[in-house]
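Following this note's numbering, the numbering of the sequence shown begins with 10 at its first residue and continues without gaps.
Hints were generated in silico from the structure; no laboratory data involved. Some hints could be false.
Cβ pair distances, simulated, as ranges [what the hints assert, rightly or not]: (1) A84 x D28: 29 to 37 Å; (2) A84 x T127: 26 to 34 Å; (3) T33 x D113: 14 to 22 Å; (4) T127 x D40: 24 to 32 Å; (5) K118 x Q49: 19 to 27 Å; (6) K13 x T127: 20 to 28 Å; (7) Q85 x D46: 14 to 22 Å; (8) S121 x Q85: 30 to 38 Å.
With a Cα cut of at most 27 Å, we get these calculated DSS-like pairs of lysine-lysine [stated by the list, open to error]: (9) K13 x K130; (10) K130 x K118; (11) K16 x K130; (12) K87 x K118; (13) K87 x K16; (14) K87 x K130; (15) K16 x K118.
The structure presented is a predicted model; accordingly, all values stated were derived computationally and were not measured. C-beta: ideal position from N, C-alpha, C; glycine also.
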Amino acid sequence: MANKAHKVLYIEDQSDMIDLVRLTLRQMGCDVYGATDGIQGLSMMRDLQPDLVLLDLMLPGSDGWQVRNAMQADAQLKTLPVILVTARVQEGNPAGNRQLPQADAYITKPFSLTEMRTTVKSFLSEH
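All chains should be modelled from the sequences, with the hints used to inform the complete structure.
Structure below.
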């Protein structure tokens, strides 16, 4: 019997980035779903209950800060693990940047596909 694929939701306004990450993580056995704005992302989280959420902060409409706040206020969503994917990280100390919402991990843009694979693989193997 095959292992169940991890469900990853990537909330990113650039659909080409979603496609690139989907191709990359598919090689690791992940099913990657994409949302191009925060409202769509919140809806998909409720429907999919993904194993991991990759969240960009700079989104149209409901941005990443609003999405993260909505997740933390929702009993169904507040325990979902989140990796922030953003250019708004202080070099060398992402967790210490008080302007960022709390997340389980951070990936700084621009990122390499190797960095994305390594971070996601490490995170999924621990959780």
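Hint by hint, here is what the structure shows:
{"no.": "1", "hint": "A84 x D28: 29 to 37 Å", "verdict": "32 Å, holds"}
{"no.": "2", "hint": "A84 x T127: 26 to 34 Å", "verdict": "32 Å, holds"}
{"no.": "3", "hint": "T33 x D113: 14 to 22 Å", "verdict": "19 Å, holds"}
{"no.": "4", "hint": "T127 x D40: 24 to 32 Å", "verdict": "19 Å, violated"}
{"no.": "5", "hint": "K118 x Q49: 19 to 27 Å", "verdict": "20 Å, holds"}
{"no.": "6", "hint": "K13 x T127: 20 to 28 Å", "verdict": "22 Å, holds"}
{"no.": "7", "hint": "Q85 x D46: 14 to 22 Å", "verdict": "20 Å, holds"}
{"no.": "8", "hint": "S121 x Q85: 30 to 38 Å", "verdict": "33 Å, holds"}
{"no.": "9", "hint": "K13 x K130", "verdict": "15 Å, holds"}
{"no.": "10", "hint": "K130 x K118", "verdict": "18 Å, holds"}
{"no.": "11", "hint": "K16 x K130", "verdict": "12 Å, holds"}
{"no.": "12", "hint": "K87 x K118", "verdict": "25 Å, holds"}
{"no.": "13", "hint": "K87 x K16", "verdict": "17 Å, holds"}
{"no.": "14", "hint": "K87 x K130", "verdict": "22 Å, holds"}
{"no.": "15", "hint": "K16 x K118", "verdict": "22 Å, holds"}
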